[in-house]
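Chemist: Now for the letters of each chain:
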Amino acid sequence: MSLTSFLASPPSRFAARHRRQLHLAVPVVAALAALPFALHDVYLLNVLILTLLYAAMAQSWNILGGYCGQISLGHALYFGIGAYATTLLWVNHGITPWGGMVVGAALSAVTALAVGRLCFRLKGHYFSIATIVIAEIGLLIVHNAEFTGGALGVQWPIAGDGWWSLQFGRAKAPYVWVALGLFAATWLVTWVIEDSPWGYWWRAVKDDVQAAESLGVEVFASKMSAAAVSAAFTAVGGGFYAAYVAYIDPESVMTFRFSLLFALPAVLGGIGTLWGPLVGALVLVPLTEITRSYMGGSGSGLDLVIYGGLIMVVALARPEGLLSLLPRRSR
Amino acid sequence: MTETPLLEVSNVTKRFGGLTANADVSLTVARGEILGLIGPNGAGKSTLFNAIAGAFPIDAGSIRFDGHDITSLPCPARCALGIARTFQVPRSFDSMSVVENVLVGALTRRPKTRAARHAAHEVLDFVGLGSRAEASAGELTPPEKRRLEMARALATEPKLMLLDEVMTGLTPSEAREGVELIRRVRDQGITVIMVEHVMEIVMPLIDRAVVLELGRVLAEGTPKEIVADPRVIAAYLGDRHRAA
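Protein chains in written order, with the working numbering: chain D, 1134 to 1464; chain L, 7 to 250.
These are computed hints drawn from the structure, not numbers from a lab.
Certain hints may be false.
To be verified - Straight-line C-alpha distance at most 25 Å; calculated SDA-like pairs for lysine to any residue: (1) L:K118 to D:F1260; (2) L:K118 to D:F1301; (3) L:K118 to D:I1326; (4) L:K165 to L:M209.
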């Protein structure tokens, strides 16, 4: 086969299309990284940080929910594990939050495997309900345990600012970059997985379990691996969030609300797609933050009403998410 | 030289609650043959088919394949040994393109996605779906979906293909193409077991037929012997032949 005909062969055409996504991602990430130089408003930077964090969390959720089709509504558990591991290791043992994130990720992955062992026999809605229940159990344990600080939570002590402590005083830009780095990492992992055997197995499991099995796909192992990867990245996000707000309690990192907020951007943007979580987060998070600040205390809960409304509109008009507005090839 | 059979089904019994779908069924399949599994509705064809594919455990008996006892092996392990199947109602992976559907099967023998994608395109050309490779699997017409099922199964590079009513619902010309495809599959050295209702199509294609009735083996032989067997005519062909 000559070189030109080889390059034009369908597999290389696919490879070129897959690579183009990477070429699209580089300027997007670069532009987001440059934003703190243009934006100086603390409020807007805060919205940007939360947007990137939720984009990263939705991207992590999407690995299990979007690609493997296992709709977890208990990812707050993994977020909480990351937040508490990072916080307790830093506050009690002086271990850098970076180390805490790694420990949290490992703990979360192991927890996800244990949850999966229990729950992956359940199908569809039954699985989702089980994940809610398990996350609530986790919340109750953290609420009542002594080493977690119980309902009072844990305050991060004032420490020297810098990358080691992940504390930057009033500066917001470093947090933007860390959140962006986390999002870029989750995006890159998703991108690699999309054209890896696991990616195809996960989607096969999502679409049709029986057909997947008949083609040699190990269904249980596929679900378990997706759950572990998804949970690990969610925990890193929890660790970052703890460092960012420098105070955590069970309500602020582990309630059901978080499980929903991690799933919704992916659902809105396009479940099981590479760009869906970012697109969804770019719409949802600013919208939430703006309604919250305009409505003040009287509007508490209104952001969730808007979320719900948006999801209903998307479900009715565009069940495949906002990205389905684009032609198939360019997604 | 007498070769060992590729597949040996021995005294297989499968019950669903009070219903015995397969009772003491035994049959052997030689390498390279096309075996037709026929019988009236409710005869237990699909049950036996699924038992061989590993869709559920059987209650008694044993199944040997290519020198291995596969009686208690799960479905993916049987695929790895070389058993592939199609589904009566096509089950495509609709979030993926046609070629990616086939790629999933190709990964059984190739750990690298690039090589698997290459193989998937070749298999699609073989079954005549090459031009639809990049379409979404959900967009295919029903006869195309049947071909996709064949392609996916072929991509696992099986020794034995189990075809579950692949001709049902096809027009006569589509069915003729299907027959041609199955012949080409056999010419690749793949043994075929097909469950089929459409007798006119199956009879010229198969080397041997096993007729099931009420969960038991009623008769076994070449298509000629089968159509001449009075028990078979009574059980299965009877009505149609009287009508003709």
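Chemist: Are the hints correct? Go through all of them and say.
Modeler: Do the hints match the structure? See the list:
no., hint, in the structure
1, L:K118 to D:F1260, "violated, 32 Å"
2, L:K118 to D:F1301, "violated, 44 Å"
3, L:K118 to D:I1326, "holds, 12 Å"
4, L:K165 to L:M209, "holds, 22 Å"
In summary, the numbered hints that this structure violates are 1 and 2.
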